[in-house]
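Student: Read top to bottom, the protein sequences are chains W and C.
Quick note on numbering: the numbering used here labels position 171 of the first sequence as 171, and the sequence is numbered without any gaps.
Quick note on numbering: the numbering used here labels position 198 of the second sequence as 1198, and the sequence is numbered without any gaps.
I should point out that these hints are in silico values taken from the structure, not numbers from a laboratory.
Don't take each hint at face value.
A few chain C residues that face chain W, going by a derived Cβ cut-off under 10 Å, partial list only [unchecked claim]:
#1 1086
#2 1102
#3 1106
#4 1178
#5 1179
#6 1180
Just a sample of chain W residues kept apart from chain C, beta carbon distances all over 12 Å, derived [to be verified]:
#7 18
#8 100
#9 182
#10 186
Here are some chain W residues pointing at chain C (derived, C-beta under 10 Å) [what the hints assert, rightly or not]:
#11 25
#12 97
#13 241
#14 255
Note that beta-carbon positions come from the ideal geometry of N, C-alpha and C, so glycine has one too.
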Amino acid sequence: MVAPRYALRDSGTMLGRQLRHMLRYPSLTMLLVGMPVVFLLLFVYVFGETLGAGLGGVPGGRAEYLAYVIPGMLAVTVVACSGSAPAILVAMDMTEGIAARFRTMSISRFAVLAGHVLASLIQTMIAIGVVLGVALLIGYRPAADFAQWMAAIALIALVAFAITWLSVALGLVSDSVETASNLPMILMLLPLLGSGFVPAQSLPVGLRWFAENQPFTAIIETLRALLAGTSVGQTGLISVAWCVVIALAGYMWARKLYEREPVAK
Amino acid sequence: MTPTEARPAIAVNGLRKSFGNHAVLDGIDFAVPAGAVFALLGPNGAGKTTTIQILSTLIAADSGDVRVAGHSLIREPELVRAAIGVTGQFSAVDNLLTGEENLMLMADLRHLGKREGRQRTAELLERFELVEAAKKRLSTYSGGMRRRLDLAMTLVGDPRIIFLDEPTAGLDPRSRRTMWRIVRDLVADGVTIFLTTQYLEEADKLADRIAVLDGGRLVAEGTPSELKRMIPGGHIVLRFADTANLERATSAFGGGVRDEDGLSLLVPSEGGIESLRVVLDRLDAESIEVHGLSVHTPDLDDVFLAITGPRTEEQEVL
């Protein structure tokens, strides 16, 4: 075992390396931040009028849909950033000779993966900031107070943390960078098959059952309650529990995959 | 002499490794004294890279007792990792960073202080002739520069045992010579070097001891001169103007390998002046006319033919 104090220092070193990569390879960050913004504008300005009318509220329309769709949009942003980028970057790393070098050095094995996770978390939170900024610009006015804002941001960070570990594992299990960029697509569907864009009650029976019980519905409903300044109730606990389970499972899977022998060339 | 220097830097006993049903290493034993250069020689697929991957903790052996820097590979891999440096066959550099950043990354991972890390980085850039390219991205580096940076990265933590997997494969003659000089400098500092190569010449120039790996077994081990004595190796090729002379020469030398189309005869020889004189004297005595002659010194092919290949009566050495 490497001394714990080194595990922390090595993680910091690896984070520094990943942040440098981000600066050297800005197109990925730009794509990750840009895509949710385009989605947001698309849903508000193209589908918003009609979807808003379907919500059944009194005024209906675009403004109401904007308020409705933001939590779902934030979930999509998290999945798009934390779900895909780490998988791609980890898979790229593993195909390079430097991964073998790290394995033959006396550095914490945890640190190599932790660097990816921390850098991805930063990337995701930047994207969340941009999406929220654009939302405010186009007229989004949430009723949340300071504490509710903090709680919402903490929950988003927790979801991002959980999805990132899962994504790191997907990157490790992929035998190529192409596979690593395709596998997380399944995750992308989850926020869409829930209450993010339309109420779950409007879905057909089988799909509704799935929507009501999958983690993203709880997460999106919690965010919706926090941002609207209403009480959260049980969904908050369910969301946190889902995040802990996903994070732990992702971490343990990633750890196991990383410690497996590299395939002999 | 401290106890650390007295015991071998690397000790391998009964090392075995299979991938599926294929035994890549079939029970090999050797020891590398501290401060020595040990070359593992062998053709592609002989198990050289697998050996390095096991000794450098990258993959696990199926069985065998291996100690590196006095530490067991199985029980104390972290202590082994702290003592070694590895430069593999595929460049282990970070392509998105500059040369300097790559070295600083290694300094941080070796837990050097900031000042010490910068100092060591500057020193290595200088020594490996990378000062001008230090702040450039690796995409602008040539193959030789990458290889030098790769080795420089390995040296950041001042490891006392260094593994080099085919350090000169694919390099041009000048880069190859630079690499040889670097290895000699390391040896002068008392570093133990374990290298693999396909080139007999390279092993001959650098190594104190050479082991020949073939089909997962060590088929020979010794100093370069011991090994050369074991290997009869070279031959003389005699070319004739017609089949009559070829026939007469064949009987004069009691065999040899004939090439009817090329009208030539391959006579085994140690390659020295003396054996050449014996051949010429015999041709003279029999009045055989020779059209052309060339002398071939032992190369890796001869080594393997001699050590591993079946010996036929025709290849009797003069």
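Student: Hint by hint, note whether the structure agrees.
Tutor: Status of each hint after checking the structure:
1. Checking residue 1086 (chain C) against chain W by beta carbon gives a least distance of about 5 Å; that is within 10 Å, so the hint holds.
2. Because the smallest distance between the Cβ of residue 1102 (chain C) and any Cβ of chain W comes to about 9 Å, under 10 Å, the interface hint for this residue holds.
3. Proximity of residue 1106 (chain C) to chain W holds as hinted, the smallest CB-CB distance being about 8 Å (cut-off 10 Å).
4. The closest approach between the C-beta of residue 1178 (chain C) and any C-beta of chain W is roughly 20 Å, which is over the 10 Å cut-off, so the hint fails.
5. Taking 10 Å as the C-beta contact cut-off toward chain W, the hint placing residue 1179 (chain C) at the interface is violated, the least distance being around 17 Å.
6. Nearest Cβ of chain W to the Cβ of residue 1180 (chain C): about 22 Å, over the 10 Å cut. The hint is violated.
7. A Cβ of chain C approaches the Cβ of residue 18 (chain W) within 12 Å, the least distance being about 10 Å, so the stated non-interface status is violated.
8. With a least CB separation of 6 Å from chain C, residue 100 (chain W) falls inside the 12 Å interface cut-off, contrary to its annotation.
9. Taking the minimum C-beta to C-beta distance to chain C, about 23 Å, the non-interface status of residue 182 (chain W) holds against the 12 Å cut.
10. Every C-beta of chain C lies more than 12 Å from that of residue 186 (chain W), the closest at about 28 Å, which supports listing it as non-interface.
11. Here the hint on residue 25 (chain W) is kept, as its CB sits about 6 Å from the closest CB of chain C, short of 10 Å.
12. Against a cut-off of 10 Å between C-beta atoms, the interface hint on residue 97 (chain W) holds, since the closest Cβ of chain C lies about 4 Å away.
13. Interface hint status for residue 241 (chain W): violated, as the beta-carbon distance to the closest one in chain C is roughly 36 Å, over 10 Å.
14. At its closest, the beta carbon of residue 255 (chain W) sits 16 Å from a beta carbon of chain C; the interface hint therefore is violated under the 10 Å criterion.
When each numbered hint is compared with the structure, violations occur for hints 4, 5, 6, 7, 8, 13 and 14.
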